[in-house]
Every structure is written in structure tokens, then in C-alpha cells.
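K.L.:
Each residue of the sequence shown is one higher than the one before, counting from -16 in the numbering used here.
Errors might be hidden in some of the hints.
Here are the simulated SDA-like pairs of lysine to any residue, each with C-alpha atoms no more than 25 angstroms apart in a straight line [said to hold, decoys possible]:
id : residue 1 : residue 2
1  : Lys262    : Ser382
2  : Lys272    : Ser372
3  : Lys327    : Tyr274
4  : Lys128    : Pro368
5  : Lys404    : Tyr337
6  : Lys396    : Ser372
7  : Lys396    : Lys105
8  : Lys272    : Asn241
9  : Lys396    : Gln250
10 : Lys271    : Phe281
11 : Lys262    : Phe236
12 : Lys84     : Leu26
13 : Lys404    : Asn241
14 : Lys128    : Lys142
15 : Lys105    : Lys272
DEER-style ranges, computed between Cβ atoms [stated by the list, open to error]:
id : residue 1 : residue 2 : range
16 : Lys109    : Pro186    : 17 to 25 angstroms
17 : Gln130    : Gly214    : 17 to 25 angstroms
18 : Asp179    : Lys19     : 17 to 25 angstroms
19 : Asn241    : Pro102    : 35 to 43 angstroms
In short, the hints are calculated from the structure, not lab data. Glycine included, every Cβ here is placed at the ideal spot set by N, Cα and C.
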Amino acid sequence: MASDQSGGVFQPQDVPTEFTLLKNPEQLETPTVDVKPRQDENLTMRAVEFHAKMQTFKDMRVFERPKCSVTDPADVVLKVTTTFICGSDLHMYCGYMPGMKSGDVVGHEFMGIIDEVGPGVKNFKKGDRVVASALIACFNCWACKEQSFSLCETTNPSKETSVACGDRTGGIYGYCHLTGGYDGGQAEYVRVPMADNNLLLVPDGLKDEQVIFLSDILPTGWHANELARVGEGDNVAIWGCGPVGMMAATSAFNRGANRVVVIDSQQYRLDFLKSNLPKVETINRNDKKVYSALRDLFPHGPDVAIEAAGFHYVPNPLHKVEVAVGMETYTSEIINELIYCVRKGGRIGIVGDYITYCNHFNLGAFMEKGLTMAAGQVYIHKYWPTLLSKIESGEIDPSFVITHTLPLGEAPKGYQIFDDKVEGCVKGFQDDKKP
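All chains should be modelled from the sequences, with the hints used to inform the complete structure.
P.N.:
What follows is the structure, encoded as C-alpha cells:
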């Protein structure tokens, strides 16, 4: 889940009704997990809740609410030790994401200590230190058996997603009711369904900061490279210098890329990445035309273009007008730029979040240049063994993106800092050592 570059603002749209269903949602495989946790009315916990209403956004609040409990035999409850604000959490904060309800608990990047264990859990015990996958997978449906875990057939009951996409996709914590409506992990406690599938045991000796990003952004950055088949000697251009773009750049070098160029409009982020990853090259799109700058570096264009910016980049006023009158939901401008800049026969990987449709997609250039493109939500569980091994060996240390530490009670301030990109913010988190 990626969204790294800021731009224009538009109002959320309902899921379009004009989509033709490719299959009847009633015929889809029935979800096998309860979405909402059982609550212990005698105990309370603090959690970050979405409280914005139509036309009024940027309203996250910390509230006391009943503590979550084991609901299904395969559940555990985590005492959260570290949780991050993801760039895609800003989709909800800023009103880009349909399907949110007041009081929803947000957050999908978290880890902690197992506090309560359901009787059906086999691989974990109370006291285990674990990272949770942002995406919830059953491991039993055909998609999970193909290791396409974000496409799980059974963990997302949303029929609206079936309308928009023609199929169910997997459940995600704290990421609106289009992805299941699960309570998120920006809380003191969180319930994890199907725990044997969706938790990773943390080896002794590794700090939270080293492994927390296995919940989402490190696998997402790796996934972008997988989608674009980045390998030895490739020249790679990455749009978006937020945490996911930084993880994509780190992953590209680890996979043997020759040169990696990251494009963004925020100079402080480009400088931050360069200071932590000296081999990377950068382009500030405010200073240079991206196409010309890339052709100066690569006469035929880069072999690979990765989109880790999302739909926020909106320089064209036509897009804002079309969104305002309901003719469009997301912009294709970044994707068109990738198509224009990548070399003939090149490869494109998309991990920025796009939920419904875009206008003005340059299909003609895509075809005439003989390009290939792959996109999708990350298969987190698939990459866990590889990436944990690289962290343990020191090949990859994703903790460099952390710039801010905040207590849970200051989460609204954290959202404001992250959204406004003030104080040099790249990535901020809450830990259990701060009240």
C-alpha cells in the first residue's frame, strides 16, 4: 500500500454504480472470519478512531473503548508495542477513501506481544513477540494457495469491492469497509484473526524498529520490484520518495540494479534518502522536466519504471474538474508519465493505491512502445522469509526511514505532521515506552 507524493485534493466518491458485475457477489466464496471482535466491557483500551464526516476530514481522535477479545478459536489479541502511520492512512485522513465510518479504528502497520490466545492457535503462545501482516489471509482459498495472499477470497465481506473490481480482494486492518472493516492496530490492543497465518515470530536480538516494516512497506517496496522483474544490471526509475519509494529503492539495489533514480517534488525527502542511500540518484520534478532529466541519464530511458506515488500527484486542473463533477475518481497522470519515460520494451510496476477508475490513460503509447505493466497489493506473507533473512544478515535495514516518535495519545498530531510534511517527517511511530 503506497501513497508517497502529495498534490491536489478531491472529495471522496461512492463506489460507482455503473460498473458491470463480472460475477454475482452472492456467488462469491463466503468469508470465514468474523470481522468485528468480541469486546470485554469490563476492560478498556485506547485507540485511534476516524471521526471525519462528509465534507469535513482530517479528524482522527484517541478514545477509550472496550478492550478487544478473542472472538474465533484461531484468534490472538496483541498488546501493541509499535505502530506506524502509513502513507495510505492519509487516504482516509484526507477524505480520499470511500467506505469509512465514524468510530472506525485505523492502522495496519503494527507489532506487539501476544496477550491472549484462542484455543485453535497452534504456532504461537502468550508472550510471543510478533509482527502482523497488514493484509489478512486464510491460506486455504485458491488465491492463497498460489501465494497471492492480498487476493484472498474469504477475508473481505465487502460486496462493494466486488462491484468495483469484479471479485473479492483480501481483508486489511483499519483500512475502510471496502477492505473488510477490521479494527486497526493504532491501539493498545488489537485482535488478529487466523493468527497462525498472519503473524511472524520475531527472532531474539532484533529491535522493533528493524522488523516493524515487515508489516507492510518493506514487502511493498520489494513487491514493486517483483512486479517489474528488477534484476541484475537494470536501470530503475521510481516515482515517489515516501517510505514505500525508499523501500523500493533499497530493494532494487539489493536485487542487483545498476542505477536507481527516485523522483519526487519534496526536496527534503530526496535529500534524506540520498543521505541514507548514497548510491541513489534523485530528480526534483519542480526543478527539472522528468522526461528530459531521465533521458540525460539514460539515452533510451530506464529499463524499469516503478509507481510508488499513488494518485495524489495532480498537476493538471482538468483532473480536478472531472473529479468535482463525478467524471473521474483518480488521476492517470503519474502512470502516463511512467509510460512516456520508460524505454521501449520496458517494464512498469505499480504499487500506488488505485481503487476505481482514471480517465486519459495513454493506452496508445503503452501499446506502441511494447511495454509490460503489473500492479497489485503486496503479497506480504510470500516475502517474509526472504526479507527477514536479509534483515537478520544486515543486508537490509529499513529502520532508516524513522524520523519521529510519538505516544499513542498524540496520534492526531502525528497525522498532521505526516500530512503537512513538516519537521522533516518521513515516518513516525508510537511505542509502548511512551504514555
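K.L.:
Are the hints correct? Go through all of them and say.
P.N.:
Now the hints, each set against the structure:
1. In summary, the hint linking Lys262 to Ser382 is supported, as the alpha carbons are separated by about 18 angstroms, within the 25 angstroms threshold.
2. Distance check on the hinted pair: Lys272 and Ser372 sit about 39 angstroms apart at the alpha-carbon level, beyond 25 angstroms; violated.
3. For the proposed pair Lys327 and Tyr274, the alpha carbon gap of about 14 angstroms is at most 25 angstroms, so the pair holds.
4. Note on Lys128 and Pro368: the hinted pairing holds, with a Cα-Cα distance of about 17 angstroms set against a maximum of 25 angstroms.
5. Our distance criterion of 25 angstroms between C-alpha atoms is met by Lys404 and Tyr337, whose separation comes to about 22 angstroms.
6. Distance check on the hinted pair: Lys396 and Ser372 sit about 35 angstroms apart at the alpha-carbon level, beyond 25 angstroms; violated.
7. Taken as a hint, the Lys396 and Lys105 pair is broken in the structure, with Cα atoms around 39 angstroms apart against an allowance of 25 angstroms.
8. Distance restraint check for Lys272 and Asn241: the Cα-Cα separation of roughly 23 angstroms lies within the 25 angstroms cut-off, and the hinted pair is therefore satisfied.
9. A C-alpha spacing of about 23 angstroms is found between Lys396 and Gln250, which places the hinted pair at or below 25 angstroms, so the restraint holds.
10. For the proposed pair Lys271 and Phe281, the alpha carbon gap of about 15 angstroms is at most 25 angstroms, so the pair holds.
11. Under the criterion of a C-alpha separation no larger than 25 angstroms, the hint pairing Lys262 with Phe236 is consistent with the structure, at around 9 angstroms.
12. Distance restraint check for Lys84 and Leu26: the Cα-Cα separation of roughly 24 angstroms lies within the 25 angstroms cut-off, and the hinted pair is therefore satisfied.
13. Distance hint between Lys404 and Asn241 is unfulfilled; the C-alpha atoms sit about 31 angstroms from each other, more than 25 angstroms.
14. The hinted pair formed by Lys128 and Lys142 meets the criterion: a straight-line CA distance of about 23 angstroms does not exceed 25 angstroms.
15. Straight-line distance between C-alpha atoms of Lys105 and Lys272 comes to about 55 angstroms, which puts the hinted pair past the 25 angstroms bound.
16. Evaluation of the 17 to 25 angstroms hint for Lys109 and Pro186 yields a pass: the beta carbon distance comes to about 18 angstroms.
17. At about 20 angstroms, the beta-carbon gap between Gln130 and Gly214 stays in the expected band of 17 to 25 angstroms.
18. Roughly 21 angstroms separates the CB atoms of Asp179 and Lys19, a value that falls within the hinted 17 to 25 angstroms.
19. Range check, Asn241 to Pro102: about 53 angstroms between beta-carbon atoms, so the 35 to 43 angstroms window is missed.
Consistency note: the structure conflicts with the earlier hints numbered 2, 6, 7, 13, 15, 19.
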